[in-house]
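Participant: With the hints as constraints, model all of the structure from the sequences given.
Using full-length UniProt numbering, the first residue of the sequence shown is number 1, and each one after it goes up by one.
What the hints contain is simulated information worked out from the structure, not anything from laboratory work.
We put the CB at the ideal spot given by N, CA and C, even for glycine.
Incorrect hints may appear among the rest.
Claimed, not checked - Restraint ranges, calculated between C-beta atoms of paired labels, are given here:
#1 K34 to M1: 45 to 53 Å
#2 K52 to L92: 34 to 42 Å
#3 G21 to E44: 29 to 37 Å
#4 L41 to E140: 27 to 35 Å
#5 E97 to A146: 38 to 46 Å
#6 I6 to Q40: 34 to 42 Å
To be verified - Under the rule of at most 30 Å between Cα atoms (straight-line distance), these lysine-lysine pairs were calculated in the BS3-like manner:
#7 K62 to K50
#8 K33 to K50
#9 K68 to K144
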Amino acid sequence: MPAIIIVSAILLILTGILVAGVFIIIQQKEHKKKLALAAQLEKEEEERRKEKRKKMAAEREKAKRRKKEREERRRKQREEDAEMVMKFEDYLKTQMETQIQPGNDEPMPKKSTTTAKDDEVLKKMGAMNLAVDLMAKNEEAEEKEAQ
1 MPAIIIVSAI
11 LLILTGILVA
21 GVFIIIQQKE
31 HKKKLALAAQ
41 LEKEEEERRK
51 EKRKKMAAER
61 EKAKRRKKER
71 EERRRKQREE
81 DAEMVMKFED
91 YLKTQMETQI
101 QPGNDEPMPK
111 KSTTTAKDDE
121 VLKKMGAMNL
131 AVDLMAKNEE
141 AEEKEAQ
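Facilitator: Below you can see the structure in the form of structure tokens.
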């Protein structure tokens, strides 16, 4: 009888050890699954970060391109404005040269360097000077705003 109790106790202990071993194996498998899932989530997060960096870089490039285009338009506008100012100055010189001379009641005939169309454009230059001043102020305001 005591042998049966000893054998039963040993079998009970071995069963407990077996159950504990199975439980440990199950816990290890679950832990490996969790680690694999964590690694996958980390990879996905890294991919999202890379995509976000690419998107931000593309936006920066787009902003640079827009800025260059804006600068180019402004440069062209300044060149056109300078050309118009030069034409207006030529027009004013021509007008000053054709004014009445002392001792002569008639204006001195001078050859005009501008066409009738240019004369019309140059007459509008008085208003254009104001527009140029306003545009310069607007550009300064835009530059301050951009900064």
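Participant: None of the hints should be skipped; say for each whether it holds.
Facilitator: How the hints compare with the structure:
A hinted range of 45 to 53 Å holds for the C-beta pair K34 and M1, which are about 49 Å apart. For the hinted restraint 34 to 42 Å between K52 and L92, the CB-CB distance of approximately 59 Å leaves it violated. At about 35 Å, the beta-carbon gap between G21 and E44 stays in the expected band of 29 to 37 Å. Distance hint for L41 and E140: a CB-CB separation of about 51 Å, inconsistent with the stated range 27 to 35 Å.
With their beta carbons about 45 Å apart, E97 and A146 fall inside the hinted range of 38 to 46 Å. Evaluation of the 34 to 42 Å hint for I6 and Q40 yields a failure: the beta carbon distance comes to about 51 Å. Our distance criterion of 30 Å between C-alpha atoms is met by K62 and K50, whose separation comes to about 18 Å. Distance check on the hinted pair: K33 and K50 sit about 26 Å apart at the alpha-carbon level, within 30 Å; holds.
A C-alpha spacing of about 16 Å is found between K68 and K144, which places the hinted pair at or below 30 Å, so the restraint holds.
Checked against the numbered hints above, the structure breaks hints 2, 4 and 6 and satisfies the rest.
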